[in-house]
Amino acid sequence: MAEITLIEAVTQALAWEMADDDNVLVLGEDVGVNGGVFRATVGLQERFGAERVIDTPLAESLIAGMAIGLAAQGLRPVAEIQFMGFIYSIIDQMLSHASRMRNRTRGRLSCPMVLRAPFGGGIHAPEHHSESTEALFAHIPGLRVVIPSSPGRAYGLLLAAMRDPDPVVFLEPKRIYRLVKEEVPDNGEALPLDVCYTLREGSDVTLVSWGAMIKETLEAADVLAEKGISAEVIDVATIKPLDSATILESVARTGRCVIVHEAVRSCGVGAEIAALLACEGLLHLMAPVQRVAGYDTVMPLFRLENHYMPSVQRVVDAALKTLEFE
Amino acid sequence: MAEITLIEAVTQALAWEMADDDNVLVLGEDVGVNGGVFRATVGLQERFGAERVIDTPLAESLIAGMAIGLAAQGLRPVAEIQFMGFIYSIIDQMLSHASRMRNRTRGRLSCPMVLRAPFGGGIHAPEHHSESTEALFAHIPGLRVVIPSSPGRAYGLLLAAMRDPDPVVFLEPKRIYRLVKEEVPDNGEALPLDVCYTLREGSDVTLVSWGAMIKETLEAADVLAEKGISAEVIDVATIKPLDSATILESVARTGRCVIVHEAVRSCGVGAEIAALLACEGLLHLMAPVQRVAGYDTVMPLFRLENHYMPSVQRVVDAALKTLEFE
Amino acid sequence: MESVAQFTINYWQFLNADGQAVAELPAFTQDPERIISLYRAMSLTRLFDQKAIALQRTGQLGTYASPLGQEAIGVAIGSAMRPEDVLIPAYRDHAAQFMRGVRMTDILLYWGGDERGMDHAEAREDFPISVPVASQCCHAVGVAYAMRLRKQPRVAVCCIGDGGTSKGDFYESLNAAGVWQLPVIFVINNNHWAISVPRSGQSATQTLAQKAIAAGIHGEQVDGNDVIAMTARVAAAIERAQQGEASVIEALSYRMGDHTTADDASRYRSQEELDKYAARDPISRLNSWMRETGIWSEQHESALHEALAVQVDQAVKAYLATEPQSVQSMFDDLYETLPTAYKNQRDELVAAQTPPDGGTDHG
Amino acid sequence: MESVAQFTINYWQFLNADGQAVAELPAFTQDPERIISLYRAMSLTRLFDQKAIALQRTGQLGTYASPLGQEAIGVAIGSAMRPEDVLIPAYRDHAAQFMRGVRMTDILLYWGGDERGMDHAEAREDFPISVPVASQCCHAVGVAYAMRLRKQPRVAVCCIGDGGTSKGDFYESLNAAGVWQLPVIFVINNNHWAISVPRSGQSATQTLAQKAIAAGIHGEQVDGNDVIAMTARVAAAIERAQQGEASVIEALSYRMGDHTTADDASRYRSQEELDKYAARDPISRLNSWMRETGIWSEQHESALHEALAVQVDQAVKAYLATEPQSVQSMFDDLYETLPTAYKNQRDELVAAQTPPDGGTDHG
Ligand SMILES: Cc1ncc(C[n+]2csc(CCOP(=O)(O)OP(=O)(O)O)c2C)c(N)n1
Ligand SMILES: Cc1ncc(C[n+]2csc(CCOP(=O)(O)OP(=O)(O)O)c2C)c(N)n1
Ligand SMILES: [Mg+2]
Ligand SMILES: [Mg+2]
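Protein chains in written order, with our numbering: chain F, 1 to 326; chain R, 1 to 326; chain E, 1 to 363; chain D, 1 to 363.
Just chain F, same shape as in the assembly (with noise of 0.2 Å):
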């Protein structure tokens, strides 16, 4: 079995789905001949024709409404926003219909879509390309936001998305869309949502952090690891709703916990972690918490943007640094 890259994950699940599932329908700008500004749906216009992997003209707001209204009627559709700097104009269609079109019909008419975009910085994209703001869906009743850190969850999770009876917002971090290759079967075999992977068992302190920023985070590992350090690694994976369970039991038997995620700090989804300490875990904490973040700040253009974005480096203070308390 050969090893594929994240996005070729990707575009495996949605092909295995699209084959399992003639209900399955993928559409967005560029999407068809294309095959997607970064490749996710490529070759599946050819396989499953252009009725099927539809290329929208270029407006957003129409992308989340129809695939609402194509949901409503028992379709499921997966429809990609081209870049998150321009899913803004979805949020109302997103917040005012699809998270809410079950409760508000008591489970008449449902909305089992999926959003997919790609996000996050560190390629040298033009502007507007690589905002984190994950938080703001975090912030939506009724959604699901999913974020993949590997090419087996990106897989497992966005299959687990397209089944699942709710709106998914599917994150992609395209930094690391073609960073590792791993094997990925192409079984079909969804992962679960809603729960953290703890990618690294650890006890002395606890590094949480999604997508792109997990390598990052797992490198800080190694080299705390260097110093006798011992950290657990967690990806939340499912950022809404939030696995707290597994965030508690480790930070009870580590006393420390690093929070890190490219997005802006304030209101970001570690702001919802660290409350969930402050609130939830306080008896466990040894040492404030720490967020590790993008910073208070439009994300530069990019020959800036590598200051911006969180540093192994500022992962392996802040840790050192919940450390220094006894």
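Treat the hints with care, as some may be off.
[Stated by the list, open to error] Calculated pairs, DSBU-like style, for lysine-lysine (alpha carbon to alpha carbon, straight line, at most 30 Å):
id, chain 1, residue 1, chain 2, residue 2
1, F, Lys215, D, Lys343
2, F, Lys321, F, Lys215
3, R, Lys215, R, Lys321
4, F, Lys227, F, Lys181
5, D, Lys343, F, Lys321
6, R, Lys215, E, Lys343
7, R, Lys227, R, Lys215
8, E, Lys51, E, Lys317
9, E, Lys51, E, Lys276
10, E, Lys343, R, Lys321
11, R, Lys181, R, Lys227
12, F, Lys215, F, Lys181
Just so you know, these hints were derived from the structure itself, not from any lab.
Following the hints, put chains R, E and D with the ligands in place on chain F, whose structure we already have.
Then chains R, E and D with the ligands, alone, in the frame of chain F:
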């Protein structure tokens, strides 16, 4: 001097500033002849003309985007979104442009606009008219987000917002639009932005809130006082940027904190405040932080809305809980 | 310079304001049953409307949007649609919803603050009321796309107001309907006002029908107070839709009431304007024609009104007698299965309703 | 049924693809200086474009959007606008920006990942490049409203692509421009592609100019590769704008290059199509006409190219020699005054760049 309500204080501030500065414009749906669906702009069109008090077509993205264009030309637009439930289609304009015009042009252009919108539940309004989604804006770098909780602060903070050189989202708690009256001298004196207002001093527990929930929070402080518990009440007022010093200083004294907001709990602004305590105030905390917030579900239609919104009882219970810890 | 494209917008009317036929009437008008059913539906809507407003005024209903004077539009839509079609309504379209089988009680529940009004037993695939103006247009595109994909001879009918035509969602949807040649119809209720903003404040266009030209789809103007014209033209649009031609129908009408019960239209419009449009009322117009053609009499009228009054009263009673939802209902349809993360909150909510015996009193 | 509104869309061309006049030429064509300046500007844009692509290919520039084959549009816009007007560009409009006084170095800085490219010393009121498609149209409405309010004889010119016409913001803006009769012009660069989506995938309309009909404003189609037609028609639109008539100009052109340097257009379009449009090139077309009329020769051409090469080289040198911004620059223009809340972060950022002496080594 007559006593006025919060909504009258908004009108008074708008009128003062329009009289004082020809560059101030008001625009939005039904703000002209009708004076706004809540009467916030009543009398302004008569006094300042239809060119400065502009009834727009029904198009929110246009309203925000147009304000950006007006502001770039040196005007001071005050745009109204009729209800927060219809604000989502402007997030793109606010996030992609308003908040970063100064930053991306390195100061060449700027965006001194105010975006006003009524928000919050409790007035038995129709669907989509009762949500509190201030957290979405609090996550956007480059914005200010300001929420008054009394007629006096509505007047002073709105004046400050209109004079601020950067974009301000000014959210008005409509449940208390007409609830209390107070004397508000029409003297054009602004109140400072970016600072919390300590409404009541106390030594046993810190209650932090903003907007309409200040009412329940103050009432809860009264109930606690009857029990011999001295609660400090902080009105955050500017939720972005956050005045963490005032909150930390208070919790340093009380050791206990209850955060109260109407918005959905997960990833609400309360999370940021709890995170602040977990990260920078941990050593002061004598008890877990409590969040009394809207539940993580869709704001129900009005028959159930009172069950959804934080009650005085819930605030009191939460405060008592923090006091169980010695 | 050469002319490369030409367009025309047509206007349709069969009965003028006085109820006189101004063109050859469509075949269905030969069937008194059909005509009477349209008349009955309009009358029912109006009676319901009076009742709803009365309920609101007496604190038994929340804010409510009246379709007074615009009953012909919804009735025509509902009458022309087949059961298998899908209605995507806004908030002033209960005339159409009633025709689709939605109970009056459901509409009262909705405006009475109870989500169960959107869980109607009939028309299960129809969309619930949409409050965010124009957002529903995008849903209609999705519904129509699903129909086309499955090669079903069905159509989606989407309702919107004159104000709604200014929103991007409206245009994005029309445009997409054109690109994919979808079986969808957008009916604009041009009632001349969007709250306090007059039609002229929304768009400089001569007609709203011409918005269709920007999408390459069919657009036409119809007298929205002529239920015969409306029924005929919606039916024609349904035909076209099945051939892959989407339509915009601008129904010219007038909002005779306030925007909602929370509004006071006297603040921004004149009695003269009201009087002018009152003379074009859809119900009295059809009544005149029916009497003229001999299929209707004073006796019919009073019998009808008695029957309708009973129907409306029963609906109101059923509404008022509806047991409230449990508080936890607000969590029960949030997801198909409530995630573990939120179970605590549901429990807290339930607990908050039933103070434990001997619980502390914080009064 | 009666026809209540009629519309026509006209098409303008002065020079055909071979550079032959097909209509009486506008007066400004009598002035060789003016013509040569248009020619020079188009040639400069093309040379710059080649250089920018080369810089990108060699890792000295980020992703870059080429205006190859569409130079006439921007040059005409820039040439027809007066200094006091305001340009609201998208990301493929540097031809227009150059004409407005923006330096080539600034455009390179922008695509090179440096915000200072948007802080150009000239055209200070012009908007920076807009990447979120169509969002800039709303800004143009605001700018034009400000001009009208202040009774200034200025106009706002907004650039957008064919794909951009599908976005709600485009339509909301046109519609508002109609309502308020604003001095604003929307120039659509219909280069037939929006990344991989062809013009036909965006809209079923015969023309994009007819989008104006939905807003009640003027719309027309122009040969966008005929710089004479474009200049004349933008100038005419500026005239109209000052009388309160907003316009849409659909400039028919073709995107000869990839969408950006990150794209590979061969994946989705044919060489035949490229060849067909190559024959309509705006620069060689004007060159033919200039030679025909005797104001241009081989010598002129090579002298021009030498001069332009020097100019472009200087710009590139200046770009490459630009000192990087300080890291803290990312905070310095966030607000007029950085709020206390964020000062720590700015300090942290600065500290992270300068590891203290003897600092721990975590490698
Ligand atoms: C997107 C959005 N903006 C604002 C509102 C508030 N609002 C409710 S109805 C309305 C006017 C709608 O006018 P129109 O489309 O003509 O429909 P009508 O009410 O006349 O039937 C407005 C502004 C809303 N519901 N949705
Ligand atoms: C709102 C938005 N959605 C998607 C994108 C990604 N994107 C960048 S350019 C482009 C195509 C634009 O096509 P067109 O408007 O024809 O302009 P052109 O690039 O051909 O000049 C797309 C989809 C974007 N920048 N903005
Ligand atoms: Mg209306
Ligand atoms: Mg294009």
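For each hint, the structure was consulted:
1. F:Lys215 x D:Lys343: 28 Å, holds
2. F:Lys321 x F:Lys215: Holds, at about 21 Å.
3. R:Lys215 x R:Lys321: Holds. Lys215 of chain R to Lys321 of chain R sits at ~21 Å (cutoff 30 Å).
4. F:Lys227 x F:Lys181: The given pair, whose Cα atoms are some 28 Å apart, holds under the 30 Å limit.
5. D:Lys343 x F:Lys321: Holds - the C-alpha atoms of Lys321 of chain F and Lys343 of chain D are around 20 Å apart, at most 30 Å.
6. R:Lys215 x E:Lys343: 28 Å, holds
7. R:Lys227 x R:Lys215: Roughly 19 Å separates the two Cα atoms, so the pair holds.
8. E:Lys51 x E:Lys317: 11 Å, holds
9. E:Lys51 x E:Lys276: 25 Å, holds
10. E:Lys343 x R:Lys321: Between Lys343 of chain E and Lys321 of chain R the Cα gap is close to 20 Å, so the pair holds against 30 Å.
11. R:Lys181 x R:Lys227: Distance ~28 Å between Lys181 of chain R and Lys227 of chain R Cα, so the pair holds.
12. F:Lys215 x F:Lys181: Cα-Cα ~13 Å, so holds.
The structure shown violates none of the earlier numbered hints.
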